[in-house]
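Peer 1: So the protein sequences, as listed, match chains A and B. Heads up, the first sequence is in the numbering used here, so the first residue is 650 and it goes up one at a time. Heads up, the second sequence is in the numbering used here, so the first residue is 212 and it goes up one at a time.
Just so you know, these hints were derived from the structure itself, not from any lab. Some hints here could point you the wrong way.
Unchecked claim - Simulated restraints, written as ranges between beta carbons of each label pair: (1) A:Arg-851 to B:Gln-218: 35 to 45 Å; (2) B:Leu-305 to A:His-940: 26 to 36 Å; (3) A:Asp-960 to B:Ala-256: 54 to 64 Å; (4) A:Leu-848 to B:Pro-259: 41 to 51 Å; (5) A:His-940 to B:Asp-228: 32 to 42 Å.
Unchecked claim - Covered stretches of chain B (chain A as the covering partner; in silico rule of three or more C-beta atoms under 8 Å from a C-beta of chain A): (6) 320 to 334; (7) 349 to 359.
Claimed, not checked - Straight-line C-alpha distance at most 20 Å; calculated EDC-like pairs for lysine to aspartate or glutamate: (8) A:Lys-947 to A:Asp-1003; (9) B:Lys-321 to A:Asp-908; (10) B:Lys-321 to B:Glu-249; (11) A:Lys-947 to A:Glu-890; (12) A:Lys-947 to A:Asp-853; (13) A:Lys-947 to A:Asp-885; (14) B:Lys-391 to A:Glu-1008; (15) A:Lys-947 to A:Asp-854; (16) A:Lys-947 to B:Glu-327.
Glycine is no exception: its CB is placed at the ideal position from the N, C-alpha and C atoms.
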Amino acid sequence: MVIAVVAIRATFCAQLALAVPHGLTNSTSPRLFGLLSMLALAESSTLAAFAWRRRRITAAAAIADLAFACLVIAAEPLYSSPADRVGTWVAWGFGAGCAATLTVGTGLRRRRDAGAAAAVLAAVYLAVSAATPHPATAVVNSVALVGFIAAAHLVAAFLRELAAIADQARAAAARAAQEAERERQRRLLHDQATVLALLSHRHDDPVLEASLRIQAAAASRRVRSFLGDTRIAEADVVLSEDRPLLVDVVAAAVADFTDLPITVNTDLVPHSRVPSDAAELLLGAIRTLLHNVRRHAKATTVTLHGDLIDDDRWELSIIDDGAGFDPATTPVGYGLSTQAGRALTDAGFAVALDSAPGEGTRITITAPEGP
Amino acid sequence: MNPDADQQATVAVIDDDTIVREGLRALMPMHRVTCAFEHHSEFLAERPSVDLVVLDLNLDGVGQAATRHGATAIADVRDAGYPVLIYTNENRRLVLAGCLAAGADGVIHKTQSLQELADAITAVRNGQTVITPALTGLAEAIDRYGHLPALTPRQRQVLAGRARGKTFRRVASELGISEKMAHEHMSAVTTKFANYLRTHSPTDLERTLGLAQGDLLHRPTVEESSRPSA
Chain A
650 MVIAVVAIRA
660 TFCAQLALAV
670 PHGLTNSTSP
680 RLFGLLSMLA
690 LAESSTLAAF
700 AWRRRRITAA
710 AAIADLAFAC
720 LVIAAEPLYS
730 SPADRVGTWV
740 AWGFGAGCAA
750 TLTVGTGLRR
760 RRDAGAAAAV
770 LAAVYLAVSA
780 ATPHPATAVV
790 NSVALVGFIA
800 AAHLVAAFLR
810 ELAAIADQAR
820 AAAARAAQEA
830 ERERQRRLLH
840 DQATVLALLS
850 HRHDDPVLEA
860 SLRIQAAAAS
870 RRVRSFLGDT
880 RIAEADVVLS
890 EDRPLLVDVV
900 AAAVADFTDL
910 PITVNTDLVP
920 HSRVPSDAAE
930 LLLGAIRTLL
940 HNVRRHAKAT
950 TVTLHGDLID
960 DDRWELSIID
970 DGAGFDPATT
980 PVGYGLSTQA
990 GRALTDAGFA
1000 VALDSAPGEG
1010 TRITITAPEG
1020 P
Chain B
212 MNPDADQQAT
222 VAVIDDDTIV
232 REGLRALMPM
242 HRVTCAFEHH
252 SEFLAERPSV
262 DLVVLDLNLD
272 GVGQAATRHG
282 ATAIADVRDA
292 GYPVLIYTNE
302 NRRLVLAGCL
312 AAGADGVIHK
322 TQSLQELADA
332 ITAVRNGQTV
342 ITPALTGLAE
352 AIDRYGHLPA
362 LTPRQRQVLA
372 GRARGKTFRR
382 VASELGISEK
392 MAHEHMSAVT
402 TKFANYLRTH
412 SPTDLERTLG
422 LAQGDLLHRP
432 TVEESSRPSA
């Protein structure tokens, strides 16, 4: 609405500037005409600047504008002949009135106030213009002033309502996000509290002691992951999207493995997408691989790295520095479950596996060609 | 006689956690922790003679304030003439990048092994910059977006391998170079990366990483990315 007010003011000022030479020649009081024209230009620019800065039309601004429009309309008999008063070349009060309708309709929020303002403006205009050679035009014009105010008021009310709904939706989303965050914290703290409580007791059983130590290490990694800036993505949400982002599929897949020393480097593929029908497959395959790392690898680093191999084809590598295995002698299911690997290949992905005992495991998944 | 005597560094530890201060004294392989302080101001008051400082990124508070606090400590210790290795639980990449920008010579996580810490101390003592795997990924992204000053093809290959999580041994064998050479190439990369961070604001960094697809200036060729064979 502010933009509309500024635009209308600019149009009004341009029209007025065009009318000034003609008006100065035909006015009954060129001096008053000139003075009022200058005042109108100043008033319009002040109002536009004020509205622009405040990002809204205040009730005070609307009333001031209404008063000014009434003043210039009422002053018309002092500087124009009755014949000129229905047109706008000399007596431009109607133009000022039209410009004021938007300010009044927008700035006065209560219907009653806007209605009263419309009545005042129309009455002043009628009073000044009825005694001209064209009383019918004067009546039509005054009805137009009322109509413009009503239209502006309705549109402004509708936009306000829309904005309020948007604000409510935004607040609801923020509340939901806050609640989800609190839930994450609860889940995290719940597990860690148990580990800490167990650690605080003295245990004479070395097996339990060792197991607790492993759990404590995993707990510390979970807390670290929580404190980090890891991208958060829920599998359900990601899988429900059309062609989800690769970064989200990866984030959702690693979410259950915060006990592992995982690094996700996906800055090179921020816009890469996964075909909708293959997203679940890929997510499952990454999880399977990470399960294997958790169970067998004893890795100190696991890195998931995405890169582009051409404009829209990406490649994801999953590399750990753990125990590794001999692909020639170890069943394939060890590194990458047979089903996961075959299903990915069937879906058009290329899967490469490279490992040796003591050398960690490197797996590369390349997206199918084409979008 | 200690066989590693020429590699042994004297280290000061600054950490508000007693266990870390006492633990590193007792457990540090290779190097000698000669003194430990709870706060960097105590260290600066005493200014002991050590080769380098292992500094906990002490986060008093959260967010921006914490980052500023950490940066001040790093700058103060660095200005006193000591190389600084950040030893932290902090995991946010931009905060860690901020440490390098503030003058730290290296960053290592508390979850990494003591051997890795000892290796990092050796590297920093030798004038190299040490970064975490996640920061390696960040360095690769910044290079790819064309913002790291001219890496050589070899340096870029080593960086690509390390960002993917490959060990130095693996990278070296894939490129047919010695492990020592691989370390040296990576060291040149981290130095350029740290210099980039020191001359650019966090906003620059975020803007760089927020660039749209298509702004990538360099893509490694198939040989460069040295992907594993099936």
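Peer 1: Please go over all the hints and tell whether each is borne out by the structure.
Peer 2: Results of checking the hints against the structure:
1. A:Arg-851 to B:Gln-218: 35 to 45 Å: 39 Å, holds
2. B:Leu-305 to A:His-940: 26 to 36 Å: 31 Å, holds
3. A:Asp-960 to B:Ala-256: 54 to 64 Å: Check passed, 58 Å falls within 54 to 64 Å.
4. A:Leu-848 to B:Pro-259: 41 to 51 Å: 34 Å, violated
5. A:His-940 to B:Asp-228: 32 to 42 Å: Distance hint for His-940 of chain A, Asp-228 of chain B holds at roughly 34 Å.
6. 320 to 334: n = 5 at 8 Å, threshold three: holds.
7. 349 to 359: This one holds; 4 residues, not fewer than the three required, reach chain A with a Cβ under 8 Å.
8. A:Lys-947 to A:Asp-1003: Status holds; Cα separation ~17 Å.
9. B:Lys-321 to A:Asp-908: The hint holds at about 15 Å.
10. B:Lys-321 to B:Glu-249: 17 Å, holds
11. A:Lys-947 to A:Glu-890: Between Lys-947 of chain A and Glu-890 of chain A the Cα gap is close to 34 Å, so the pair fails against 20 Å, i.e. violated.
12. A:Lys-947 to A:Asp-853: 26 Å, violated
13. A:Lys-947 to A:Asp-885: 29 Å, violated
14. B:Lys-391 to A:Glu-1008: Roughly 18 Å between the alpha carbons, so the hint for Lys-391 of chain B and Glu-1008 of chain A holds.
15. A:Lys-947 to A:Asp-854: 23 Å, violated
16. A:Lys-947 to B:Glu-327: Roughly 16 Å between the alpha carbons, so the hint for Lys-947 of chain A and Glu-327 of chain B holds.
The structure shown violates the earlier hints numbered 4, 11, 12, 13, 15.
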